[in-house]
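Produce the complete structure using the sequences and hints provided.
So the chains spell out like this:
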Amino acid sequence: DTAVSQTPKYLVTQMGNDKSIKCEQNLGHDTMYWYKQDSKKFLKIMFSYNNKELIINETVPNRFSPKSPDKAHLNLHINSLELGDSAVYFCASSQGQSDYGYTFGSGTRLTVV
Amino acid sequence: SQQGEEDPQALSIQEGENATMNCSYKTSINNLQWYRQNSGRGLVHLILIRSNEREKHSGRLRVTLDTSKKSSSLLITASRAADTASYFCATTGGTASKLTFGTGTRLQVTL
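First to last, the sequence lines map onto chains A and B.
Position one of the first sequence corresponds to residue 1 (our numbering), numbered consecutively onward.
Position one of the second sequence corresponds to residue 1001 (our numbering), numbered consecutively onward.
No wet-lab data here; the hints were simulated from the structure.
A quick note: this is a predicted structure, and the numbers were derived from the prediction, not measured.
All C-beta atoms, glycine included, are put in the ideal place defined by N, C-alpha and C.
Treat the hints with caution; some may be incorrect.
Listed below are several chain B residues computed to face chain A (Cβ distance under 10 Å; list not exhaustive) [stated by the list, open to error]:
id, residue
1, Tyr1035
2, Arg1041
3, Lys1098
In structure tokens form, the structure reads like this:
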């Protein structure tokens, strides 16, 4: 069983479209995250939810909206996609705050054309 | 900006040799972690060292932490071709549950 699963794995879409990426974890972790990895492989946190509550919201355009229906799911909705949104988006989860390793999903490669 | 800077950016060694990667960070931390990322894949947690620890071992991995210098090193002994990947250090600190990543080292292990 996959611990952190993201769908879709690949997403190619046109500028201006709205798209969603879904993430689910079956580890019973209480905290989930979205990270963005750019073309230079830099990883930057976008959002973090703890038990469905938003606890981290980095400087991200408000076109990006996370939603956590329960602590096992954290989805990412992106409105009005731009070329610069092209990247790999990783979902991750952890138990507790900071003192444990994170478990990452395999990533969603978003290409905006 | 990235919390950590890793050195070297790229490292190429032969199978059986040891690989050492260094990480420097800027602010106080709770712990420092190392992750591996194979090409086109997600990140895999390797090892975590807390701020009050100086050295930790896990299999062929040895991590050191020097909080006075704000630096850490990852040593992979007896490297294998399967160790070829990018390696990232990441730190947590403060009250927020946030893992801040370094710039990564690309390791190539050749036969």
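Against the structure, the hints:
no. : hint    : verdict
1   : Tyr1035 : 8 Å, holds
2   : Arg1041 : 6 Å, holds
3   : Lys1098 : 5 Å, holds
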